[in-house]
Amino acid sequence: MTFLYPTYFWALFLILIPIIIHIFKFRRYTTVYFSNVRALSQLKKEKKQQKHLKELLILASRILAIAFLVTAFAHPFIPPKNASTDTNLNKAGIYIDNSFSMLAGSEGNNLLEQAKQGALNLANAYPADTKFALVTNDLSLQNQRLLDRSMLLDRISAVQATPARPPLSQIMRVLSQRLKDEKNASPNSVYLLSDFQKNISDIGRIKADTSMSLNIDLLKAQQSNNLLVDSVWFAVPGRIKGTAETLYARVRNNGDQELTDVPMRYIENDSLRAVTSFDLKPDQEKTVSLKFTARSAGIKNARVELTDYPVTYDNTLYIGFRVTGRINALVIHGNDESAKYLSALLKTDSLVHYQEVGWQQVRTGDFSKQQIIFLTQLPELSSGLTASLTQFIRQGGTVVFFPARNGDLESYNHFINEMQGNPFSANADTTSMRIAKLDVTNPLFQNVFSGPNPDGDLPEVKIHLPSQTAQSSALPILSLANGNLLLSESQPGKGKFFLFTLPSSQENRAFFTNALFVPLIYKMVLNSVQGSPLYYTIGQDKVIDLPFPGNGNVQSGMKLKGVGNSFDWLPTVQPLPGNRFQMKTDAVTQGGNYELTSGNGALPLAFNYDRKESAPDCYNADQLSEQLQQTGFQKVHFMTASKTELSAHFDVVHNGRQLWRLFMVLAIMALLAEVLIIRFWK
Numbered sequence: 001m002t003f004l005y006p007t008y009f010w011a012l013f014l015i016l017i018p019i020i021i022h023i024f025k026f027r028r029y030t031t032v033y034f035s036n037v038r039a040l041s042q043l044k045k046e047k048k049q050q051k052h053l054k055e056l057l058i059l060a061s062r063i064l065a066i067a068f069l070v071t072a073f074a075h076p077f078i079p080p081k082n083a084s085t086d087t088n089l090n091k092a093g094i095y096i097d098n099s100f101s102m103l104a105g106s107e108g109n110n111l112l113e114q115a116k117q118g119a120l121n122l123a124n125a126y127p128a129d130t131k132f133a134l135v136t137n138d139l140s141l142q143n144q145r146l147l148d149r150s151m152l153l154d155r156i157s158a159v160q161a162t163p164a165r166p167p168l169s170q171i172m173r174v175l176s177q178r179l180k181d182e183k184n185a186s187p188n189s190v191y192l193l194s195d196f197q198k199n200i201s202d203i204g205r206i207k208a209d210t211s212m213s214l215n216i217d218l219l220k221a222q223q224s225n226n227l228l229v230d231s232v233w234f235a236v237p238g239r240i241k242g243t244a245e246t247l248y249a250r251v252r253n254n255g256d257q258e259l260t261d262v263p264m265r266y267i268e269n270d271s272l273r274a275v276t277s278f279d280l281k282p283d284q285e286k287t288v289s290l291k292f293t294a295r296s297a298g299i300k301n302a303r304v305e306l307t308d309y310p311v312t313y314d315n316t317l318y319i320g321f322r323v324t325g326r327i328n329a330l331v332i333h334g335n336d337e338s339a340k341y342l343s344a345l346l347k348t349d350s351l352v353h354y355q356e357v358g359w360q361q362v363r364t365g366d367f368s369k370q371q372i373i374f375l376t377q378l379p380e381l382s383s384g385l386t387a388s389l390t391q392f393i394r395q396g397g398t399v400v401f402f403p404a405r406n407g408d409l410e411s412y413n414h415f416i417n418e419m420q421g422n423p424f425s426a427n428a429d430t431t432s433m434r435i436a437k438l439d440v441t442n443p444l445f446q447n448v449f450s451g452p453n454p455d456g457d458l459p460e461v462k463i464h465l466p467s468q469t470a471q472s473s474a475l476p477i478l479s480l481a482n483g484n485l486l487l488s489e490s491q492p493g494k495g496k497f498f499l500f501t502l503p504s505s506q507e508n509r510a511f512f513t514n515a516l517f518v519p520l521i522y523k524m525v526l527n528s529v530q531g532s533p534l535y536y537t538i539g540q541d542k543v544i545d546l547p548f549p550g551n552g553n554v555q556s557g558m559k560l561k562g563v564g565n566s567f568d569w570l571p572t573v574q575p576l577p578g579n580r581f582q583m584k585t586d587a588v589t590q591g592g593n594y595e596l597t598s599g600n601g602a603l604p605l606a607f608n609y610d611r612k613e614s615a616p617d618c619y620n621a622d623q624l625s626e627q628l629q630q631t632g633f634q635k636v637h638f639m640t641a642s643k644t645e646l647s648a649h650f651d652v653v654h655n656g657r658q659l660w661r662l663f664m665v666l667a668i669m670a671l672l673a674e675v676l677i678i679r680f681w682k
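Residue 1 is where the sequence shown starts when you use our numbering, and the numbers rise one by one after that.
No lab work stands behind these hints, which were simulated from the structure alone. Because the structure is a prediction, the values reported are computed rather than measured. Please note that a few of the clues may not be correct.
[As the list claims (entries may be wrong)] Heads up, simulated SDA-like pairs for lysine to any residue below, C-alpha to C-alpha not over 25 Å straight-line:
1. Lys286 <-> Ala274
2. Lys561 <-> Thr162
3. Lys340 <-> Asp408
Please take these sequences and the hints and turn them into a complete structure.
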């Protein structure tokens, strides 16, 4: 036991007053004469003993009353275990976890509101002149300086849930920096109010700080079911008008109850386009498909949603994409005859904007407008054309190459090596050979064959250019009977490169008029539409790579606007080669659909909250204590209190267990004992 004001014990000299009164009897006696005092002597002896005991008890009660009263004024207390009595009360740090996981319910209120109420009570428990460092997940700039009590109360009341989720190590580093004080060596108390999700509590990376005394309020949510839309994707990259689409959505049940017949909706431009339902067992995930038809071209601001409570932020996943009305296809030919098969297939198709140009009249500046480029029997590939084609493919375009029978193999192979394909090893082989093998699992053959093996005879090839057997990243699609490649695919950068080893000449008419050729080329054209990512994740995709909307590299007047909300922002962009740019997304904090506009164009974007917040795994007190001790923190106190109990915890931690009230009660009891003895002891 320790005393806050030990000098008050000088007042114990007041105990001498009742002692002096007891010793000196300030009473007058009168003499009474009796003839026989024998009986009176016996009575006097008994009365004297009782009176002496009574006076001793009265003296003891008076001494105890004075002693207890003086001790109470000296403020006795028991110091807290494992805590220093010189903790700095001038500054304190408070961390309120305002991530989405704190919106889970507990005892009629969500965890975030409990944390805010606890922080308010904590602020009121400190002395009025204490300065506070308040840290939340958004690491707000307005909280960088220390706050007094009134400012702290206002800031705590204004705390809202945020998608930002910095790791705990960063939070501790910020608190350490804001509380740093070289003039005061006493440790600063730091209060962490959080549910301590495992996926953001990187305790192992926290550096122990001897200037901190940790106090943890480990908030626990009641067990609740949470169904979420985890991710979505299309079966093929691009969207084309009039085609049947399948959108896949991965859903997860983080609850402990089986869910049956749960409805899911696909909404596009505020119109319901598809509905499905599913069953899902506890702690399981499933992929659900939504089917619809792309009826019109243009920007589509869409979302996949379901209904679930109490956690709602992960019920909706926003996506943005553009449906292409026509696919731009360019054929660069060595002669008119070499393009006739492609022309017959694509020129009259309403979905294809078909163009032809001779190899000597190519305008490489127009490549950025194309989705797919066919090269048919070019005598050679110039260095300029090779460079432009390489850039086109790396930025997402598709190139299909048919060699010439007597073409320049050196220029061919230089380009093929750039595309990570198999270069040609020799001049044309005129041996007739049948196609013996094809990869039916390739997306080009999706929904082409009714079974695992194609029916009917595969076509015969009269002329082909053998390719080298050296290992490359190219995938074989068609192979001849002797093992030589007829068609292969490589994916340098974001695009695709298809290499045929046969010329598109009359000698190979059997291949180009076979039923295999039509779906093969048509799928290449359809799959050449490269869509941008359907959505980005807030807090993860901080810098994104995009094509300039509209025509040309137009940076002036670029705006990012929210769809259905008032968000309006002028982004800072960094131009990149190939009519692309980088944009920071730190200003986007709300999930939803957005449109990036510039000049006469617009680009659909969608941002979603990080689904890691939906993970229910949190540390318990034992796990948290063990890991913090391993990092070097020795002064760690766990609080299970909430609301006003947090103030009581503050008194115990910083002032110890107060005993002055107990001694005041004992003093009153001693005085009451004196009154009872005097009144009832006859």
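Hints, one by one, checked against the model:
no.	hint	verdict
1	Lys286 <-> Ala274	18 Å, holds
2	Lys561 <-> Thr162	20 Å, holds
3	Lys340 <-> Asp408	22 Å, holds
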